Amino acid sequence: MAARSKGKQGAKSTEAVPELPRHRPSRRVFMVTGGVTKFAKAHPAMDFRLMVKRAYDYALKDVTNLTKDRIDGTRVSYFSDHFSRQLKAASMVQDYLGMNPKGSVRIEWGGATGGECFQAAFEAVASGRMDVCLAAGYETMSRVPTWKGNEFIALASDTNFDFPLGGFYTGYYALMVARHIYEYLRLTKFAHIKDEREAQRRAIEEGGRIMSLVSVKNHRNALHNPYAQYPKRLTVADVLASEMISYPITREQICTMSDGAAVAVLCSEERAREFTDRPVEITGVGTGTDTMRLADRPFGSVPLAPNERPTDYPNLPYPGVHSFRAGRSAGLEAYRMAGITDPKRELDFIELHDAYASSEIQTYEDLALCRYGEGYAFTESGAPFLTNVEYGFPVPRAGEIPVNPSGGLIACGHPVGATGLMQAVFAFWQLQGRIAKHFGDPTLQIEDAKRGLIHSHAGTGSAVTVSILERGF
Amino acid sequence: MPAPKTFTKFRDVQAELTRTGAAIFKDPEGKESLVIHYPYSILYIHSYAEDTPFFLGLAEGRLRGSRCTGPECRFVYATPRSHCMECGSATEWMDLPKRGRVHAWTTCHFGSEAFLKETPYNLALVEFDGADSLLLVRLKDATESELYIGMPVEAKFDPKPKYSITDVWFVPSAAPKARKAAR
Chain A
41 MAARSKGKQG AKSTEAVPEL PRHRPSRRVF MVTGGVTKFA KAHPAMDFRL
91 MVKRAYDYAL KDVTNLTKDR IDGTRVSYFS DHFSRQLKAA SMVQDYLGMN
141 PKGSVRIEWG GATGGECFQA AFEAVASGRM DVCLAAGYET MSRVPTWKGN
191 EFIALASDTN FDFPLGGFYT GYYALMVARH IYEYLRLTKF AHIKDEREAQ
241 RRAIEEGGRI MSLVSVKNHR NALHNPYAQY PKRLTVADVL ASEMISYPIT
291 REQICTMSDG AAVAVLCSEE RAREFTDRPV EITGVGTGTD TMRLADRPFG
341 SVPLAPNERP TDYPNLPYPG VHSFRAGRSA GLEAYRMAGI TDPKRELDFI
391 ELHDAYASSE IQTYEDLALC RYGEGYAFTE SGAPFLTNVE YGFPVPRAGE
441 IPVNPSGGLI ACGHPVGATG LMQAVFAFWQ LQGRIAKHFG DPTLQIEDAK
491 RGLIHSHAGT GSAVTVSILE RGF
Chain B
61 MPAPKTFTKF RDVQAELTRT GAAIFKDPEG KESLVIHYPY SILYIHSYAE
111 DTPFFLGLAE GRLRGSRCTG PECRFVYATP RSHCMECGSA TEWMDLPKRG
161 RVHAWTTCHF GSEAFLKETP YNLALVEFDG ADSLLLVRLK DATESELYIG
211 MPVEAKFDPK PKYSITDVWF VPSAAPKARK AAR
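Residue numbers (the numbering used here), protein chains in the order written: chain A, 41 to 513; chain B, 61 to 243.
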């Protein structure tokens, strides 16, 4: 096929740079507190300002000595002006919290809006511009009907070439997982089947079954998270039997629209010690991007993680539409900053952007938890599952690297501008060892968690942020 | 307008809004919120600008890609752009073959509000001989059980163009022999 055989893009877009620079923040940055509202289908009794205020009050109450006058400024995130039919809504958050006239900017970066807001606050502190910065995010998606909401989200695709075809994010992710299944199941596990249609049908069935394991994991983890929107004791059969949304992705493999807010307070080392005896340090940040249109994604070579070799991928066209180059790029940048060379061993847990069960599996590979092509086997091994949650099927390697212990987007909900910050708050509580305090249930606490990763993803993989958080006490 | 009615289920609030445009939601703690319908519509004056030749081409039954003019590059875009993202040179317009193969496909059983009434519909990324990137299209006249990656497909054009990407769609090609799937 043309798009792959030429290898032109390979030489140009993804050429292997032997030693990328290891960027470091100008000074150390710590998270000292956070707060989250319960994510819900609709919070008609709270508008976005009050939701943020609730999360903010919770965060302030959780530490001593931190009062509004100690905060130097804010970064406020929400994804879409369409949802609230209010432009410059971040000013109204600033105003409701009584933060004027301190500095503030609104952050928007598609689905990665919350993750980008977290990093914007990191930058404000790392650069010395602020000693204490509040990152606050929200989304009120219930203000329009679900299918109108899908339309707004789909407007984050090229409106000349993509949107008018039936613009639908689940459709885009279905295209991507269809190719992922083809590359990594059809051409391997089902290579022996000669009839092309039959081989592909069997591979898709297998892929759908394994995606369902992820959905069961995240929904069942969420049974122990009181903030989650849709905790459910699902089985693989339930997931597969739920409505087909865009083949092969079913309803239970997709996150939902939510209302919710989350905040995180980041500060310098000196301030951190004043506010808490359990600060968490942000030791690595990374961002990556890719083309807006899936059709333009290159067929090049894989930017290698420190634990990979060129011989791992002799003939893999990359990223194509099957993998997220932005996620790989963000992960590698954050790993370099944090000095991580073997992520699966050196991280204790991950909160990643599972807007779709398929993208969770694709992201295991992007983050080098396993090699490209091993995501399905990695899922089945149980490695991303928790040891003390019952899933209804064997998870032999559970606990190796728990992914989305909170329940992820699939079960917690995805109020876009809050989501990346919600991940930061859950990761922060994990590293503090205070899950029981905040969840009222110790089940999801990962024992002795020292280092975690959060991952926020936008626009069919057009932008991804990765941040590494470490226990700072 | 009569005083808005009160409901404890948000679903019922939404139904009432469709009838009267206003309702009161009473949450479990007894807090009341007035909810109204607030319409908002926009008619954009949208220019295809540098993408214009592609859309005019569809109206003439032509599928146009673009080729980088950089002498070292010559990258071919199946979804055209006026400057090359690899080397930054200007591109020139070219005709793409009207036949290609399915690179990835899906059937959408739901969609955005604007497209719900058209469901189910197929989307496909199509690859072409001689092009380095893909084109996203609607794929018609094929069901889930018939579709596969590598399937030969060909372009059809709307004789009454709407000047939208939907002026072109693909159907399974009546090729004499099906080519093997990609790779």
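Quick caveat, the hints were computed from the structure, so don't treat them as lab data. Each hint should be verified, as a subset may be incorrect.
Computed cross-link-like contacts, EDC-like style, restricted to lysine to aspartate or glutamate with a CA-CA straight-line distance of at most 20 Å [claimed, not checked]: (1) LYS229/A to ASP317/A; (2) LYS81/A to GLU92/B; (3) LYS78/A to GLU206/B; (4) LYS177/B to GLU283/A; (5) LYS222/B to ASP87/A; (6) LYS93/A to GLU89/B; (7) LYS86/B to ASP87/A; (8) LYS216/B to GLU206/B; (9) LYS188/A to GLU283/A; (10) LYS188/A to GLU76/B; (11) LYS81/A to GLU76/B; (12) LYS108/A to GLU283/A; (13) LYS216/B to GLU120/B; (14) LYS490/A to GLU283/A; (15) LYS158/B to GLU89/B; (16) LYS81/A to ASP87/B; (17) LYS65/B to GLU92/B; (18) LYS81/A to GLU173/B; (19) LYS91/B to ASP87/A; (20) LYS93/A to ASP135/A; (21) LYS69/B to ASP198/A; (22) LYS81/A to ASP72/B; (23) LYS81/A to GLU214/B; (24) LYS188/A to GLU92/B; (25) LYS69/B to GLU89/B; (26) LYS78/A to ASP87/B; (27) LYS188/A to GLU178/B.
No experiment lies behind these values; they were computed from the predicted model shown.
Each hint tested on the structure:
For the suggested pair LYS229/A and ASP317/A, the alpha carbons sit about 51 Å apart, so the restraint of at most 20 Å is broken. A hinted pair counts as satisfied when its Cα atoms are at most 20 Å apart, and LYS81/A with GLU92/B qualifies at roughly 18 Å. The suggested pairing of LYS78/A with GLU206/B is violated, with an alpha-carbon distance near 44 Å, which exceeds 20 Å. Taking the CA atoms of LYS177/B and GLU283/A, the gap is near 17 Å; set against the 20 Å cutoff, the hint holds.
About 40 Å separates the Cα atoms of LYS222/B and ASP87/A, which puts this hinted pair outside 20 Å; it is violated. Taking the CA atoms of LYS93/A and GLU89/B, the gap is about 19 Å. The hint holds against a cut of 20 Å. This hinted pair checks out: LYS86/B and ASP87/A have alpha carbons roughly 15 Å apart, not beyond 20 Å. The suggested pairing of LYS216/B with GLU206/B holds, with an alpha-carbon distance near 19 Å, which does not exceed 20 Å.
A threshold of 20 Å between alpha carbons decides the hint, and for LYS188/A with GLU283/A the separation of about 19 Å falls inside it, so the pair holds. The hinted pair formed by LYS188/A and GLU76/B meets the criterion: a straight-line CA distance of about 19 Å does not exceed 20 Å. For the given pair, LYS81/A sits about 18 Å from GLU76/B by alpha-carbon distance, which is consistent with the 20 Å threshold. For the proposed pair LYS108/A and GLU283/A, the alpha carbon gap of about 47 Å is over 20 Å, so the pair is violated.
The hinted pair formed by LYS216/B and GLU120/B meets the criterion: a straight-line CA distance of about 11 Å does not exceed 20 Å. Only pairs whose Cα atoms come within 20 Å are accepted, and LYS490/A paired with GLU283/A is rejected, the gap being roughly 40 Å. The hinted pair formed by LYS158/B and GLU89/B fails the criterion: a straight-line CA distance of about 62 Å is larger than 20 Å. Between LYS81/A and ASP87/B, the direct Cα distance comes to roughly 13 Å. Compliance with the 20 Å bound is thereby established for this hinted pair.
Of the supplied pair hints, the one linking LYS65/B and GLU92/B holds, its CA atoms being roughly 11 Å apart against a limit of 20 Å. Restraint check: the Cα-Cα separation between LYS81/A and GLU173/B comes to about 18 Å, which is no more than 20 Å; the hinted pair holds. Using a Cα cut-off of 20 Å, the hinted pair LYS91/B and ASP87/A holds, with the two alpha carbons roughly 13 Å apart. For the hint linking LYS93/A to ASP135/A, the alpha-carbon distance of about 11 Å falls within 20 Å, and the restraint holds.
Taking the CA atoms of LYS69/B and ASP198/A, the gap is near 37 Å; set against the 20 Å cutoff, the hint is violated. For the proposed pair LYS81/A and ASP72/B, the alpha carbon gap of about 14 Å is at most 20 Å, so the pair holds. For the given pair, LYS81/A sits about 43 Å from GLU214/B by alpha-carbon distance, which is inconsistent with the 20 Å threshold. Between LYS188/A and GLU92/B, the direct Cα distance comes to roughly 26 Å. Violation of the 20 Å bound is thereby established for this hinted pair.
For the hint linking LYS69/B to GLU89/B, the alpha-carbon distance of about 13 Å falls within 20 Å, and the restraint holds. Proposed proximity of LYS78/A and ASP87/B is supported: the alpha carbons are some 15 Å apart, at most 20 Å. Annotation: proposed proximity of LYS188/A to GLU178/B holds, straight-line Cα distance about 15 Å (limit 20 Å).
Checked against the numbered hints given earlier, the structure breaks hints 1, 3, 5, 12, 14, 15, 21, 23 and 24 and satisfies all the rest.
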